[in-house]
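J.: All chains should be built: construct the whole structure from the sequences, respecting the hints.
Taken in sequence, the protein lines are chains A and B. Residue numbering for the first sequence follows the working numbering, starting at 1 and increasing by one per position. Residue numbering for the second sequence follows the working numbering, starting at 1 and increasing by one per position.
If you are wondering where the hints come from, they were derived from the structure by calculation, not from laboratory data. Among the hints, erroneous ones may be present.
From the structure, some residues in chain B lie toward chain A, with a derived Cβ separation under 10 Å [as the list claims (entries may be wrong)]:
#	residue
1	I8
2	L16
3	M26
4	L34
In this text the structure is predicted, and so the values were computed from the model without any measurement. Glycine included, C-beta positions come from ideal geometry on N, C-alpha and C.
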Amino acid sequence: MAVVKSQDSFDRKGTPLEHFLVEGLHCPSCIREIEGALQKNPIIKNVRLNLTTQRLAVEWSGDSPDVAANSDEVIKTLKDIGFNGYLFKDDPSAAEGDKEGRWLLICMGIAGFAMMNIMLLSVSDWAGTDMGDQTRGFFHWISALIALPASAVAGTPFFKSAYGSLKARSLNMDVPISLAVILSLLMSVMQTLNGGADTYYDAAVMLLFFLLIGRFLDRKMRNHARSTAHNLMSYRPSSAIIVTENGDTTNCAIELLNTEMVVRVAPGERIPVDGVIVSGTSEVDNSLVTGETIPVKSTLGDKVFAGTMNVNGALDIRVTALSGKTLLDEIIGLMETAEQGRAKYVRLADKAAQIYAPAVHLLALATFLGWIIFSTVGWEQSLITAIAVLIITCPCALGLAVPVVQIVASSRLFKNGILVKAPDGLERLAEIDTVAFDKTGTLTLGQPEIANADDIAPADLELAASLAKTSTHPLCRALIVASHERDIPTIATTSPLHEEPGMGLKATIDGKEIRLGNRDWCHVPMNIQKNTRYSELWLKVEGRDAVFLAFQDRLRKDAAEVVAWFQNKGFDVLLLSGDRPDVVSEVAEKLGISDYLGAAKPQDKIDRLEKLKAEGKKILMVGDGMNDAPALSASYVSISPSTASEISQNAADFIFQSQELDSIVRAYQVSKMSRKLVFTNFALAAIYNVIAVPFAAAGFLTPLIAAIAMSSSSILVTTNALRLNLVKLWKA
Amino acid sequence: MEGLIFLIPIALFLGLLGLGAFLWSMRSGQYDDLEGASYRALFEEDEIKKSDK
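T.: Given below as structure tokens:
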């Protein structure tokens with residue numbers, strides 16, 4: 001079928017291929033709609049939408065397509081039919097990961113093929129007691145013919161990792177695995193040559209197959225989490241509008257900006273660079289950078305920072321610093337220092353391997369020496385028994401013990417909207433005893449909410465809402481929300497409305513001028529209603545006193561419950577915020593957090609965490625802003641919401657996508673349970689070894705027993721890991 | 001037992017055929033989009049042709 005032509009099939013021809021991320025895919029007919037619409041465009045030769053990754057692959061027609069212009073056209077076409085498209089920024093490490101996953105799949109296919117065919121021969125070997133020696137020898141030779149090349153290919157992931165580990169003079173789980181595979185194959189070949197009865201081809205290949213399944217699923221889960229995290233980041237703007245000297249505007253990729261260029265930022269957009277305002281007036285929301293919630297009025301000559309939000313009014317910004325001196329660079333510097341201070345975490349599987357591998361090898365050696373000294377079977381038979389011990393100690397159960405749990409845990413979290421970014425994140429999260437929260441954007445939504453609605457007459461609120469309805473200013477939207485909550489109708493006024501950027505709105509209703517906006521706009525003197533706590537709006541009706549509308553950042557719905565949950569479980573909870581101390585103390589009081597720090601600069605946050613670390617605390621840091629990024633790297637383990645700044649998402653070990661904060665509790669519960677299951681798995685593997693090893697050491701091991709032991713122990717640890725799906729997760 | 005002489009090669013050949021089919025399907029990218037493929041089957045034939053040129 002010609003339709004099943006994947007992006008790859010035209011990828012390999014080497015033609016230029018562009019990837020787009022499409023937002024808003026919800027139904028299968030989107031495929032037809034998007035592909036159909038784009039296919040009509042002559043600039044596009046081929047297009048293919050991948051519903052799983054939500055990415056669109058486009059192949060340009062012609063020899064030297066104008067990629068930038070074409071990309072814009074694709075995004076425009078997508079917009080016309082109702083989808084948001086973004087140019088996908090390729091991540092070379094993800095491509096590398098893809099390749100590795102593909103190789104694992106190939107290895108798995110080969111191991112599976114070899115296992116099935118060898119089993120066919122082995123089962124008849126075990127069952128056919130009346131089989132002639134020649135037939136048996138023939139079967140063994142065929143098995144060897146399949147098993148040796150198959151293991152040479154399918155075993156590479158383990159052999160490579162084992163070699164790397166040995167070169168670094170340490171032992172990981174792949175060392176005993178590789179050794180067991182290689183030795184059992186060698187022994188089997190020896191047996192085959194000598195016409196012996198016991199060969200272990202099936203056990204060796206089965207071991208590889210089971211472990212490869214685990215590896216592959218693990219990699220797939222992690223790739224999935226990473227590509228989703230990467231998708232989130234592509235939603236950010238990649239180009240800026242630059243204003244040329246003669247006043248024209250053109251699009252320019254952010255990477256290509258130079259100092260002294262002037263960038264125009266429309267209201268409601270994020271400011272892409274550090275710079276100085278050269279024209280325009282607006283309020284700038286710095287919360288992602290400083291944690292400060294009230295938008296700051298900024299005008300000619302004021303400095304603005306990359307990542308902040310331009311609330312109202314267009315701004316022209318002269319780019320000042322691109323590298324070395326931006327606020328971002330300062331933060332990255334802090335992050336790197338913090339990162340160095342973080343002790344390297346040794347994963348549970350590696351810890352286990354460090355005990356397990358030497359123990360097993362010593363045991364095998366003891367078996368060999370024992371037989372040589374205390375019996376008369378000769379060195380050959382002694383060696384065979386020693387190898388049998390190595391095979392039966394079953395690296396299979398141990399090799400699967402951690403990855404299987406990890407897979408089940410990550411997929412459970414994924415379904416709950418939590419991405420596990422760091423491979424060892426789950427293990428670290430299970431060990432925490434302290435939780436540090438950022439305020440803005442973490443405990444709060446970073447969206448304002450009206451604070452004094454009950455003091456305002458409903459008629460005034462209705463009037464204010466009728467003006468606010470048309471505006472996109474966050475405070476105006478908060479007004480509308482407040483009116484909805486109080487069943488106050490919010491119908492936009494039909495009178496002509498005038499909006500003054502950075503000031504407010506004005507309209508004339510029933511012959512009276514009505515103004516909604518800041519203090520200056522409504523001509524309210526500074527000495528009335530002194531206010532440093534809240535964001536404010538004023539409503540001024542001609543001939544009446546102005547009405548004060550106070551706004552504050554809104555707490556996430558379940559913030560209090562989440563904090564209480566951690567406190568009840570005996571965790572220390574602290575609050576570190578860059579916002580003003582009086583706001584921070586009020587939030588802390590509301591949530592029952594006694595340990596808090598306001599007006600904290602990134603360095604202050606790190607200092608605080610370092611101090612706790614020195615006391616032996618293991619801290620979970622939850623934060624979103626750019627100012628939290630260094631603290632996220634300094635903590636033991638870290639979580640960010642998906643609304644966090646790019647740099648914080650990069651630093652965080654986990655990312656949660658929901659509006660609710662209870663994701664953090666769930667992530668903790670899952671990680672705690674995974675830890676328990678990993679230990680039960682270790683215990684199961686140990687018990688199994690205690691039972692099986694004496695048999696092998698006594699020389700009673702047959703290939704049949706080895707095959708049964710290997711598969712049953714694998715099934716046992718897998719089933720145990722699946723118990724994670726039964727855990728009830730907390731819901732606020 | 002003489003049957004084994006050709007039965008085993010046949011079994012191996014079939015196994016290899018399966019392995020080959022698996023590797024081919026993977027290389028041609030049939031595992032890239034597991035969700036979309038199930039819906040594509042439902043599209044009308046002429047619409048597919050139009051969009052596939």
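J.: Run the structure past the numbered hints and jot down the numbers of the failing ones, going up.
T.: none
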